[in-house]
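**Student:** Sequence:
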Amino acid sequence: MSLSSEGFKPRDVALTVGALGVVYGDIGTSPLYAVRASVLAVGAEMPLQTAVLGAISLIFWALVIIVSGKYMGVIVRADNNGEGGTLAASALAHRSPGLSRQMKSAVIIAGGIGLALFYGEALLTPAISVLAAVEGLRVEEPSLGFLVMPISLAILVGLFSLQRHGTARVGFLFGPIILIWFVSIGWLGLRSVMETPSILWALSPFYGLEMFYLAPFLAFVMLGAVVLCVTGVEALYADLGHFGRRPIRLGWFCVAMPGLVLNYLGQGAGIIRDPTNLDSPFFMLAPDSLHYPLVFLSMLATVIASQAVISGAFSVTQQAVQLGRLPRMEIRHTSATEFGQIYVPRANMLMLIGVVFIVLVFQHADALARAYGLAVTGQMVISTSLVAIVAALQWNWKRKAVLCVFGTFFVVDFTLFSSTSMKLFDGAWLPVVIALTLILLMHIWRAGRRVLMEKVYGTGLSVEQFLERADKTPLRVAGTAVFVTPRLDLVPGSMLHNLKHNKILHERVIFLRVNVADIPLVPENQRLKVEKLGKGFFAVEVNYGFFQTQDV
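Under my numbering, the first residue of the sequence shown carries the number 14, and numbering increases by one thereafter.
In short, the hints are calculated from the structure, not lab data. Some hints here could point you the wrong way.
Said to hold, decoys possible - SDA-like cross-link-like pairs, simulated, lysine to any residue; straight-line CA separation at most 25 Å:
{"id": "1", "residue 1": "Lys411", "residue 2": "His377"}
{"id": "2", "residue 1": "Lys117", "residue 2": "Val334"}
{"id": "3", "residue 1": "Lys516", "residue 2": "Val490"}
{"id": "4", "residue 1": "Lys542", "residue 2": "Lys513"}
{"id": "5", "residue 1": "Lys548", "residue 2": "Lys468"}
{"id": "6", "residue 1": "Lys545", "residue 2": "Arg521"}
Given the sequences, and given the hints that come with them, work out the whole structure.
**Tutor:** If you want it as structure tokens, here you go:
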């Protein structure tokens, strides 16, 4: 995990800045609501200073253990031919040698659940981020509060409406803007820390542990809000293929983490100095002259964070369609030069409807904060489980190492998952309902396809049997006929139908199967497999990765 083994290169810097705009937008905008939600989670049942020091301590150590330790240190090592994310981890774990049939089925199911949870999170992220940023308007001028909803909805509708045009023309600005964001929030936090340096005591784990000693239940409740500081952590893993480990790690340790830690400390210091700052601890950090510029920068940052989530949803949808987990749908490429720049109209429309519905129902970032987190912690548990399989069966880690490292991760993940589960009836039901609906749809789709294949090919004629009778077939005519089929061992029904009605066969007949492998990219030299069956018949298999567009 060392960052010093190689010198800095211009390409590393460019990729790191690029990664900031894609990878860290979500986790980078968490300061807008995480501290306030964490302190309010315990209400007035705990002295304010104790709650603030405990919350900041838990937030800091969540960033250290979960992001720096777990994801940067271990999880990002589990790449499927360079790609990361739940589906990639599922495919990687599925190929582990020695994995039982039951475990392989469990891995596939886990990948599907992780996919469904991702969509649940993807709908909440734009809603809470944009609402939290726009709510900054009423901090300085409460009379502007009536504008929060219409401005938020206008931003979100505009964002989804522009997806068809892609981000190629403005995407190069995302990284620098998020870099400015991290520098700005870090500077604001540092100013506040310098006024109240006693907040630095919160860096000690003592204050977080003290909360569990003094009020275990309240501390457990607070964890459900503290987890908001690591929302978006799965993006670090999911975007591995776009940037690689080194730029993602550089971006975290050199830019994102310092900015976040300073800002969280600054918010805590501000609340300790003046408890009324709890009304909006983030925007209270800015001097009056910089309040509206900060609101504007916050809006830009949340739009970029939302764009990253939307692009991620398109990418995951493409993977799921290619792997047969979702029905086929139109996928458009929006850039002739940038790999992965796609637009999925149906997914875009469904997400827009979902996000607008969420904003209209919850209306405030505080209300959404109570719904946020369960899907994130669910994904964390699944990622840990899948990578544990990879570590044990592919990395050849010793059993003690696997138990020690992943046992620690499981304790942390399940604790956070349990704490966020307590919010189930306070809004967290929404991502669960979204996930369960998608799981049901994926199951119906896969089961329906399986039944259809059995009906069409279950009693079909095998290629071997057909070739034995090939000499007795009617007239062979010049030319080549291609029949697409999902199974190369059975004669395609379309060919039998053609033979029945037209009474002819072409002199060359090709049975073509298009296969999507469980890796992102299939090299050109491994794309095509041709088998000569004899008597003018050929079996051709074309292989694509789940990130590649099928073009035959």
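**Student:** Each hint: holds or not?
**Tutor:** Outcome of the hint check:
1. Lys411 - His377: 48 Å, violated
2. Lys117 - Val334: 20 Å, holds
3. Lys516 - Val490: With a Cα-Cα distance of about 11 Å, the restraint between Lys516 and Val490 holds, given a limit of 25 Å.
4. Lys542 - Lys513: Given that 25 Å is the threshold and the Cα spacing comes to 29 Å, the pair is violated.
5. Lys548 - Lys468: Cα-Cα ~28 Å, so violated.
6. Lys545 - Arg521: Distance ~11 Å between Lys545 and Arg521 Cα, so the pair holds.
Hints 1, 4, 5 from the list above are not met by this structure, while the remaining hints are.
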